[in-house]
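Chemist: Below are the chains, spelled out letter by letter.
Protein chains: 2
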Amino acid sequence: MEHDGILVVISGFAGAGKGTIVKGLLKDYDNYALSVSMTTRQPRPGEVNGEAYFFVSREEFEKTIEEGGLIEHAQYVDNYYGTPKAYVEEKLKAGMDVILEIELQGALQIKKLYPEALLLFVTPPSAAILKQRLTDRGTETAEVIKRRMDRAAEESQMMDKYDHIIVNDKIEDCVAYTHSVIQSAHSAPARLKKLTDSLRRDLKEMSEQG
Amino acid sequence: MEHDGILVVISGFAGAGKGTIVKGLLKDYDNYALSVSMTTRQPRPGEVNGEAYFFVSREEFEKTIEEGGLIEHAQYVDNYYGTPKAYVEEKLKAGMDVILEIELQGALQIKKLYPEALLLFVTPPSAAILKQRLTDRGTETAEVIKRRMDRAAEESQMMDKYDHIIVNDKIEDCVAYTHSVIQSAHSAPARLKKLTDSLRRDLKEMSEQG
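Sequences listed follow chains A and B, in order. For reference, each letter of the first sequence is one residue, going 1142 to 1351 in the working numbering. For reference, each letter of the second sequence is one residue, going 1142 to 1351 in the working numbering.
Since the hints were derived computationally from the structure, they do not count as laboratory data. Check before you lean on any hint, since a few could be wrong.
Since the list gives no way to pick out one identical chain from another, each pair is judged satisfied if it fits inside one copy or across any two copies.
Stated by the list, open to error - List time: in silico SDA-like cross-link candidates among lysine to any residue, alpha-carbon distance up to 20 Å:
| # | residue 1 | residue 2 |
| --- | --- | --- |
| 1 | LYS1234 | LYS1287 |
| 2 | LYS1302 | PRO1266 |
| 3 | LYS1253 | ALA1329 |
| 4 | LYS1164 | GLU1296 |
| 5 | LYS1334 | ALA1227 |
Treat the numbers as computed from the prediction; the structure is a model and nothing was measured.
So here's chain A without its partners, still in its complex pose (with noise of 0.2 Å):
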């Protein structure tokens, strides 16, 4: 492996496209692998254990928190919800780039603890284009599409943190351009160390050898 995978972080409006666009990446490139969340909160009926989410105990999950072996975690209702560190690393390490979908705030504590993490916000192309997507699924109530509109408006005050705003307009050049993305961000000088570093050496010593 030329270079260390990086960690991806997908955040966005609910009804954005998240879940598409990290479905997309997985089928149609072979670099990516995805973090799977650990939690206490009980499997839906058809949930496997390994799949959307580890399902753990309360003394399970927080046994995990002591030993260090979360990258972030955050209670939502009476349930934890947290990222385990040993395969996002594992795979990192192995040159794959790690998909984590996770809210804003899980999102800003892992670019603390992780600086070279590569932040995305997806966003459909316009507020009335959101809320027409929200309104169309037909599942959710008035209120529930009120108080994920209300939400929007929160999180759209920090979208400027992420790294790059991905505007979802058509699925497919969505995807596309998400991976077009995510390769670009591996020249960034901080995450070709290796390369710049053995540069400046050889360059350095072929320039002292005359």
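On the provided structure of chain A, position chain B as indicated by the hints.
Modeler: Just chain B, lined up with the frame of chain A:
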């Protein structure tokens, strides 16, 4: 046009293939405009005014400096070289990405004036390959090659000031990769202010209207 263009500054070691990459970008894609430098040096046989350079007198050049008509300028040996501002700004406003092939000192000057400029540094995969390429040209004396390698050693100290290090291994791959790096840069929040401002404003309005 959805967005302003990006001022793309391309630097790199002599022999790294900057010129070939620039030609490839202009040939393969239609979103690029090439910035033509102004100089006081004499045209060489076959050089046409307005192609590689605008050839002007010393008086004209100094007048352009005084009028603030150059983005950056420098003096090498006894000649001035500079980048005319009007053409660059016109093309950026029209949504074109403007390419500027320029030395390291000029590149860093530009980044101060245009913080949203994208700085790309081109390098071969290794110092040994750089030397090989300079030698293979067969047109340079050992002394010239030595001078270029010494200069590369100096320039390598500043590589990290660039936004991306472009490794030129296979030229076709490198042109396509450089294009994807530039297109990815369009989604940095600082370059998407129109979109993020309107999203924030519209979401806030919708939220207040309930």
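Chemist: Confirm or reject each hint.
Modeler: Hint check results:
Taking CA atoms no more than 20 Å apart as the test, LYS1234 paired with LYS1287 passes in neither setting, with 42 Å inside one copy and 38 Å between copies. In this homomeric assembly, LYS1302 and PRO1266 come within 20 Å of each other (Cα to Cα) only inside a single copy, at 19 Å, whereas the closest approach across copies is 33 Å. Taking CA atoms no more than 20 Å apart as the test, LYS1253 paired with ALA1329 passes in both settings, with 18 Å inside one copy and 19 Å between copies. Proximity of LYS1164 and GLU1296 under a CA criterion of 20 Å is satisfied in neither setting, with 23 Å inside one chain copy and 42 Å between copies.
For the homomeric pair LYS1334 and ALA1227, neither the shortest alpha-carbon distance inside one copy (23 Å) nor that between copies (37 Å) is at most 20 Å.
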